[in-house]
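Trainee: Each chain, written out:
Protein chains: 2
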Amino acid sequence: MKTLICVALATATLSAASLVETAKEAGLKPIPSSKVELMKLIDNPKNHITDEKVELGKKLYFDPRLSKSGLISCNTCHNLAEGGDDGVGAAIGHKWTANPHHLNSPTVYNAVFFDAQFWDGRDPDLEAQAQGPMQAAPEMSATKEHVQTVVTSMPPYVAEFKKAYGKDVKITFEKIADTIGLFERTLVTPSVFDDYLNGDDKAMTSAQKEGLKTFIDKGCASCHNGIALGQSMNAFNITGTYKYQNVGDFKGDANGMVKVSTLRNVTQTAPYFHNGKIWSLKEAIVEMGRIQLGSKITDKEAASIEEFLKALDGRKTDIIVPQLPVSTDKTPKPDLN
Amino acid sequence: MKTLICVALATATLSAASLVETAKEAGLKPIPSSKVELMKLIDNPKNHITDEKVELGKKLYFDPRLSKSGLISCNTCHNLAEGGDDGVGAAIGHKWTANPHHLNSPTVYNAVFFDAQFWDGRDPDLEAQAQGPMQAAPEMSATKEHVQTVVTSMPPYVAEFKKAYGKDVKITFEKIADTIGLFERTLVTPSVFDDYLNGDDKAMTSAQKEGLKTFIDKGCASCHNGIALGQSMNAFNITGTYKYQNVGDFKGDANGMVKVSTLRNVTQTAPYFHNGKIWSLKEAIVEMGRIQLGSKITDKEAASIEEFLKALDGRKTDIIVPQLPVSTDKTPKPDLN
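Chains as they are written, first to last, in the numbering used here: chain A, 1 to 337; chain B, 1 to 337.
Just so you know, not all the hints are guaranteed correct.
A pair counts as met if it fits within one copy or between any two copies, since identical chains are not told apart.
Claimed, not checked - Simulated pairs of lysine-lysine, DSS-like, Cα-Cα distance not exceeding 30 Å:
1. Lys167 x Lys310
2. Lys282 x Lys35
3. Lys213 x Lys175
4. Lys95 x Lys46
5. Lys59 x Lys24
6. Lys59 x Lys282
7. Lys40 x Lys162
8. Lys333 x Lys296
9. Lys251 x Lys35
10. Lys95 x Lys333
11. Lys300 x Lys24
12. Lys330 x Lys310
13. Lys162 x Lys310
14. Lys95 x Lys59
15. Lys316 x Lys163
16. Lys330 x Lys277
17. Lys330 x Lys59
18. Lys213 x Lys310
None of these hints come from the bench; they were simulated from the model.
Sequences and hints are given; from them, build the entire structure.
Mentor: Written as structure tokens, this is what we have:
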């Protein structure tokens, strides 16, 4: 009896130590606890992060006047109060238009950790991504000229651009998108999972650790890995037999693939999948096993994995609602049509 | 020559001292500098302000899931980043529907200082007001049951209500609206005008003081008075000859009158008037002279009054974007139709 207990204890100790190793071997990576290391990861080498640029980018992110109607901002679909997305199946934009591909708005939190953006991965970074929704007809529906005119029509914006980039700055559409992207790079939410991988063994509960083991054992980490616990591409074949499919004429990337979503804050980002067709996280876990791994995930296993996923709920930095500059007579009027 | 200068100086000193008196005689009142005095003014005697209630009210104010679509929150039309309104002529709500009366969203900042709410003054306070837009079909389009179910479906909301009101609290639609109203009561923005009336003679610039004098001389303060620099009712006759009129079948109150808007933060709340038909503040000033006072306000006078109005741009308290509770399987799904 004594021997048995000793063996059990030894195994438990071994797993506690080796689970971190197993997780790392499976490709899971923490958000670095060192601010310097983190900054290296999230910074844009072509446009370094500064407080001035981030504050300006935040204002632009929250400014609905960048849209044709004056009513839709980046934050409308990527709501920082709601896990960084909008909680509806398909994004709703200008004139209450649903995304024609029935694509779901992904969270902006931790999106910096992907090296490709959009469901088909067509853009390399957040700066390039930010140009898309502003111009898309069923989203913010603006022209480049509209966005530029809005921003340059307000002296406080011009002054902030000069402060951020120097007095000779050209306030182009691209510069505006770059500044929004830079703000988005800072939306990083470390969690107890990171604390655990960074060496604090007590950061995760036993149930969360058990869930991590199940997550790895079932093969989830083969796609959900890296810091994002997601991958830029290499996801499921969109043209396959996916029963919830409803993506209009969206075809995924050249190989018919869509991006693997991040699992960070996943408890907050229902509905799930590129088409936003599943509302229950447990159901999403089981579906992914069936479709991606060709393996049955039992209810018990799904519950265990879900426990682990709760460890990915991140700590969000306080964001103060910005006070936007006041429109002038040069600011384009809202166009609701 | 010496005598003339002395007289001029004496007059200047006299006006500096007496302008405050003149303003007070004209019915203008400052936001009290004493926090105790201010609290007496903004508190709800039937539901006292506490930090817990205000924090909860803020979450509810920012929560789009209270709407039928899951996309429209109080903050959508009363955007705290944009002077407390939406910057469009007529409010746009559920399914991109414009307010059928072509009524403009008023600012929520300092709305506590009115003793009647809505353009026709039909509700006595912010708590009663908050019930309207949640249920209005062209606004948030929700039923009372929807709102109650959304809130009670999320354990963190239930816990916060218990913390705020005691464990036996009944989370009714009315209680939810009361809590939103209580948050709105705190949205008070004192400005240099208040500092000036409260005794700091240097708080306003000479041009602003000159503008205040013009404002009073032209009769603006006969309607724009009190702390709000507006009145609950007694405004212009909506059925009159107002050239910009376009208010559907909206008839104002029983006397065909609409509320006098607050002038606090008025530089931030274009377009102007109940029908949101004038974009230029200077034009709005001239129009009000013509229609309300039957008097021509010259360009120079309008410019002077506008200078004074800038002194009403208030200091806003920092508001941190709330992190909303996560939906559960009991939370109603968004209904976009």
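Trainee: Taking the hints in turn, state whether each one holds.
Mentor: Here is what the structure says about each hint:
1. With identical chains, the CA atoms of Lys167 and Lys310 are at most 30 Å apart between copies only, with a shortest distance of 27 Å across copies and 46 Å within one.
2. In this homomeric assembly, Lys282 and Lys35 never come within 30 Å of each other (Cα to Cα): the closest approach is 34 Å inside a single copy and 50 Å across copies.
3. Neither within a single protomer nor between protomers do Lys213 and Lys175 lie at most 30 Å apart by alpha-carbon distance, with minima of 44 Å and 45 Å respectively.
4. In the homo-oligomer, the alpha carbons of Lys95 and Lys46 never lie at most 30 Å apart, since the shortest distance is 36 Å inside one protomer and 41 Å across protomers.
5. Neither within a single protomer nor between protomers do Lys59 and Lys24 lie at most 30 Å apart by alpha-carbon distance, with minima of 38 Å and 38 Å respectively.
6. Taking identical chains as interchangeable, the C-alpha atoms of Lys59 and Lys282 lie at most 30 Å apart only when they sit on different chains, with a minimum of 27 Å there against 37 Å within one chain.
7. Only within a single protomer do Lys40 and Lys162 lie at most 30 Å apart by alpha-carbon distance; the minimum there is 25 Å, versus 44 Å between protomers.
8. In this assembly of identical chains, Lys333 and Lys296 lie within 30 Å of each other by CA distance solely across copies; the values are 28 Å between and 55 Å within a copy.
9. Taking the closest pair of Cα atoms, Lys251 and Lys35 never come within 30 Å of each other, the shortest separation being 39 Å inside a single copy and 60 Å across copies.
10. Taking CA atoms no more than 30 Å apart as the test, Lys95 paired with Lys333 passes in both settings, with 16 Å inside one copy and 21 Å between copies.
11. Taking the closest pair of Cα atoms, Lys300 and Lys24 come within 30 Å of each other only inside a single copy of the chain (24 Å); across copies the shortest separation is 72 Å, beyond that limit.
12. Taking the shortest alpha-carbon separations for Lys330 and Lys310, only the inter-copy value of 19 Å comes in at or below 30 Å, while the best intra-copy value is 48 Å.
13. For the identical chains of this complex, Lys162 and Lys310 are inter-copy neighbours only, at 25 Å across copies versus 42 Å inside a copy, given an alpha-carbon limit of 30 Å.
14. For the identical chains of this complex, Lys95 and Lys59 are neighbours both inside a copy (24 Å) and across copies (27 Å), given an alpha-carbon limit of 30 Å.
15. Taking identical chains as interchangeable, the C-alpha atoms of Lys316 and Lys163 lie at most 30 Å apart whether they share a chain (27 Å) or sit on different chains (23 Å).
16. In the homo-oligomer, the alpha carbons of Lys330 and Lys277 lie at most 30 Å apart only across protomers (17 Å), although the nearest pairing inside one protomer, at 43 Å, exceeds that limit.
17. When the C-alpha separation of Lys330 and Lys59 is checked against a cutoff of 30 Å, the pair qualifies only within one copy, where the shortest distance is 19 Å, while the shortest distance between copies is 35 Å.
18. In this assembly of identical chains, Lys213 and Lys310 lie within 30 Å of each other by CA distance solely inside one copy; the values are 14 Å within and 62 Å between copies.
Against the hints set out earlier in the document, violations occur for numbers 2, 3, 4, 5 and 9.
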